[in-house]
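2 protein chains.
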Amino acid sequence: MFDTVAIVGVGLIGGSLGMALRERGLARRVIGIPRRAETLAEALSVRAIDDGTLDLAAVSAADLVVLAPPVLTIPPLVEAMAPHLRPGAVLTDVGSTKGSLMRVLPPLLPEGVDLVGGHPMAGSERGGVLAARADLFEGATYILTPDSRARPESAARLAELIRSLGAVPVVMEPDLHDDAVARISHLPHVVAAALAEAAGAGAVPADVLRLLVAGGFKSTTRIAASSPEMWRDICLTNREAILAGLSDFEAALGAFRAALEAESPDALLSAFGRGKTVRDSLAPPTTAPTGDLP
Amino acid sequence: MFDTVAIVGVGLIGGSLGMALRERGLARRVIGIPRRAETLAEALSVRAIDDGTLDLAAVSAADLVVLAPPVLTIPPLVEAMAPHLRPGAVLTDVGSTKGSLMRVLPPLLPEGVDLVGGHPMAGSERGGVLAARADLFEGATYILTPDSRARPESAARLAELIRSLGAVPVVMEPDLHDDAVARISHLPHVVAAALAEAAGAGAVPADVLRLLVAGGFKSTTRIAASSPEMWRDICLTNREAILAGLSDFEAALGAFRAALEAESPDALLSAFGRGKTVRDSLAPPTTAPTGDLP
Numbered sequence: 007m008f009d010t011v012a013i014v015g016v017g018l019i020g021g022s023l024g025m026a027l028r029e030r031g032l033a034r035r036v037i038g039i040p041r042r043a044e045t046l047a048e049a050l051s052v053r054a055i056d057d058g059t060l061d062l063a064a065v066s067a068a069d070l071v072v073l074a075p076p077v078l079t080i081p082p083l084v085e086a087m088a089p090h091l092r093p094g095a096v097l098t099d100v101g102s103t104k105g106s107l108m109r110v111l112p113p114l115l116p117e118g119v120d121l122v123g124g125h126p127m128a129g130s131e132r133g134g135v136l137a138a139r140a141d142l143f144e145g146a147t148y149i150l151t152p153d154s155r156a157r158p159e160s161a162a163r164l165a166e167l168i169r170s171l172g173a174v175p176v177v178m179e180p181d182l183h184d185d186a187v188a189r190i191s192h193l194p195h196v197v198a199a200a201l202a203e204a205a206g207a208g209a210v211p212a213d214v215l216r217l218l219v220a221g222g223f224k225s226t227t228r229i230a231a232s233s234p235e236m237w238r239d240i241c242l243t244n245r246e247a248i249l250a251g252l253s254d255f256e257a258a259l260g261a262f263r264a265a266l267e268a269e270s271p272d273a274l275l276s277a278f279g280r281g282k283t284v285r286d287s288l289a290p291p292t293t294a295p296t297g298d299l300p
Numbered sequence: 007m008f009d010t011v012a013i014v015g016v017g018l019i020g021g022s023l024g025m026a027l028r029e030r031g032l033a034r035r036v037i038g039i040p041r042r043a044e045t046l047a048e049a050l051s052v053r054a055i056d057d058g059t060l061d062l063a064a065v066s067a068a069d070l071v072v073l074a075p076p077v078l079t080i081p082p083l084v085e086a087m088a089p090h091l092r093p094g095a096v097l098t099d100v101g102s103t104k105g106s107l108m109r110v111l112p113p114l115l116p117e118g119v120d121l122v123g124g125h126p127m128a129g130s131e132r133g134g135v136l137a138a139r140a141d142l143f144e145g146a147t148y149i150l151t152p153d154s155r156a157r158p159e160s161a162a163r164l165a166e167l168i169r170s171l172g173a174v175p176v177v178m179e180p181d182l183h184d185d186a187v188a189r190i191s192h193l194p195h196v197v198a199a200a201l202a203e204a205a206g207a208g209a210v211p212a213d214v215l216r217l218l219v220a221g222g223f224k225s226t227t228r229i230a231a232s233s234p235e236m237w238r239d240i241c242l243t244n245r246e247a248i249l250a251g252l253s254d255f256e257a258a259l260g261a262f263r264a265a266l267e268a269e270s271p272d273a274l275l276s277a278f279g280r281g282k283t284v285r286d287s288l289a290p291p292t293t294a295p296t297g298d299l300p
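Sequence order for the protein chains is A and B. If you read the first sequence in the numbering used here, its first letter stands for residue 7, the second for the next number, and so on. If you read the second sequence in the numbering used here, its first letter stands for residue 7, the second for the next number, and so on.
To be clear, the hints were calculated from the coordinates, so they are not data collected in a lab. Incorrect hints may have been included.
[Stated by the list, open to error] Derived CB-CB ranges, DEER-like:
| id | chain 1 | residue 1 | chain 2 | residue 2 | range |
| --- | --- | --- | --- | --- | --- |
| 1 | B | P82 | A | R169 | 57 to 65 Å |
| 2 | B | G118 | A | G279 | 40 to 48 Å |
| 3 | B | V174 | A | L60 | 48 to 56 Å |
| 4 | A | S270 | B | E29 | 37 to 45 Å |
| 5 | B | P290 | A | S66 | 40 to 48 Å |
| 6 | A | V214 | B | R157 | 21 to 29 Å |
[As the list claims (entries may be wrong)] So these bits of chain B aren't anywhere near chain A, every CB distance computed over 10 Å:
| id | residue |
| --- | --- |
| 7 | G31 |
| 8 | L46 |
| 9 | R228 |
Just so it is clear, the structure is predicted and the values come from calculations on it, not from any experiment. C-beta atoms are modelled at their ideal positions from N, C-alpha and C, and glycine is treated no differently.
Modelling step: build the complete structure from the supplied sequences, incorporating the hints.
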């Protein structure tokens with residue numbers, strides 16, 4: 007589908023992508039271009055790439071360039087690699103926010119390079135290429151935001167590649183994507199971190215809390231174990247949408263506080279009921295039960 | 007260990023307990039005493055009990071009585087069954103809050119009946135006896151709060167039974183338990199419900215949100231699918247501790263809001279870092295990665 011794929015930034019997502027491309031034979035050659043020599047060695051050791059270099063100029067060999075570094079570093083990286091990009095190449099990224107990138111990147115690109123933004127809805131609270139898995143994208147939605155100046159066949163080729171990874175490509179407007187992920191991903195990360203912090207903020211000794219930790223705490227705070235650096239950057243690139251989601255969350259939480267203060271059974275029942283209705287609608291229960299409280 | 011165990015309230019927890027006792031041969035006979043005939047039929051069909059009745063007087067046959075109905079119904083049930091309790095019997099419950107029960111129940115009991123409160127830290131967002139599993143308690147912490155008037159050997163016998171279920175009995179003061187579970191279980195349920203509600207509160211169509219749902223949203227809001235009735239009751243019995251936890255949570259969330267509004271990379275990094283530190287300390291990461299965002 008593509009001859010040579012260059013993956014710039016070889017962490018969990020970049021590494022998993024390389025692994026999947028190699029295991030499924032979807033590219034003749036996968037080049038890794040991480041920032042650090044240590045990552046290069048790790049990526050080679052887990053067979054996430056065929057070969058690699060720290061030199062951005064290596065993108066000149068690629069007909070598909072995948073940007074998978076921390077999202078805030080993408081614009082300067084594109085600026086630095088632009089002179090080396092081959093005419094006819096497709097450039098994509100895996101950044102968690104799309105609006106600002108789709109505004110900032112196109113003017114940086116040479117003629118004949120097609121930008122098709124991307125965001126695979128898959129990941130893990132464990133970062134780094136050592137956590138990479140070839141099956142990470144299987145069954146995942148994979149958002150694509152093609153630049154209006156890109157040839158339609160570039161988006162089509164990338165979509166085909168994504169289908170071959172076992173994922174489901176979906177074309178979406180960047181700003182709609184950002185509003186949606188603010189509520190479905192970014193706000194949950196903020197809330198999970200605050201919830202973990204609050205668990206430790208009381209007078210109960212950590213040893214006692216640790217004894218009582220069960221499925222409910224584990225699942226609500228699992229993503230609080232994610233990289234603080236990555237989530238700082240994501241928050242900075244999708245600030246307004248997250249703040250809008252946060253306001254709705256504070257309102258929902260305020261209803262709980264009022265119901266608790268008033269000792270109102272009816273208000274508590276409605277508040278829990280509203281949450282259950284949305285949850286059941288957005289993510290219908292699976293059959294497999296999982297360990298949990300009360 | 008016990009000859010006849012009566013389980014009053016045969017839902018997820020009561021049913022799983024009956025199943026585990028039967029499969030492991032830990033009691034000669036397990037009687038189920040649900041509130042509704044339909045539940046009795048279901049409990050028999052999934053072999054959670056040997057036999058059953060809707061008549062509370064049947065507790066007279068039991069040397070161990072387990073109370074597993076909704077927590078607010080426990081005091082009136084105990085009042086109703088008290089005349090039928092056999093001298094020498096052990097009475098326990100599986101309620102999610104312990105302080106108020108351990109104050110209210112003892113005066114209701116006849117001489118010679120020993121109250122040993124309990125709370126297994128296991129469960130599921132799926133309720134009801136049809137979701138019961140014999141292995142539900144395996145590896146779980148199981149809190150015991152013996153009444154000061156109970157014979158020590160009653161708590162010891164119950165602890166031994168719990169160990170035989172594969173769980174880990176831990177004796178704890180009721181109020182310490184309640185403070186801890188407010189933060190480790192009850193507050194997460196409130197937050198999960200508010201988070202699910204907020205996801206649906208914006209302008210993004212539900213179909214788009216559904217496409218983008220991935221591991222982060224699923225795990226943070228999983229317990230929002232729990233029974234609103236059960237969580238209403240738990241909130242009412244542990245109101246003050248939950249409100250105290252909520253205040254700490256609001257403070258942690260307020261730091262995120264301030265950091266977002268100020269576009270402060272440092273404040274965002276610290277806030278995510280504080281959450282990660284507590285989470286990593288209370289529930290160290292497992293090796294198995296799970297599907298998730300970014």
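Classify the label on L46 of chain B as holds or violated, using whether its beta-carbon is more than 10 Å from each beta-carbon of chain A. holds (22 Å)
Evaluate the given range 37 to 45 Å for the C-beta pair formed by S270 of chain A and E29 of chain B. holds (42 Å)
Does R228 of chain B really sit off the interface, with its C-beta more than 10 Å from all C-beta atoms of chain A? violated (5 Å)
Return holds or violated for the Cβ distance of V174 of chain B and L60 of chain A against the range 48 to 56 Å. Holds: the Cβ-Cβ distance is about 50 Å, inside 48 to 56 Å.
G279 of chain A and G118 of chain B - C-beta distance against the hinted 40 to 48 Å: holds (43 Å)
Whether the CB-CB distance between P82 of chain B and R169 of chain A falls inside 57 to 65 Å: holds (59 Å)
Beyond 10 Å from every chain A Cβ - status for G31 of chain B: The claim holds: G31 of chain B sits with its nearest Cβ about 24 Å from chain A, beyond 10 Å.
Between V214 of chain A and R157 of chain B, is the Cβ distance one that fits in 21 to 29 Å? Check passed, 26 Å falls within 21 to 29 Å.
In this structure, is the beta-carbon distance linking P290 of chain B and S66 of chain A contained in 40 to 48 Å? holds (44 Å)
Checked against the numbered hints given earlier, this structure breaks only hint 9.
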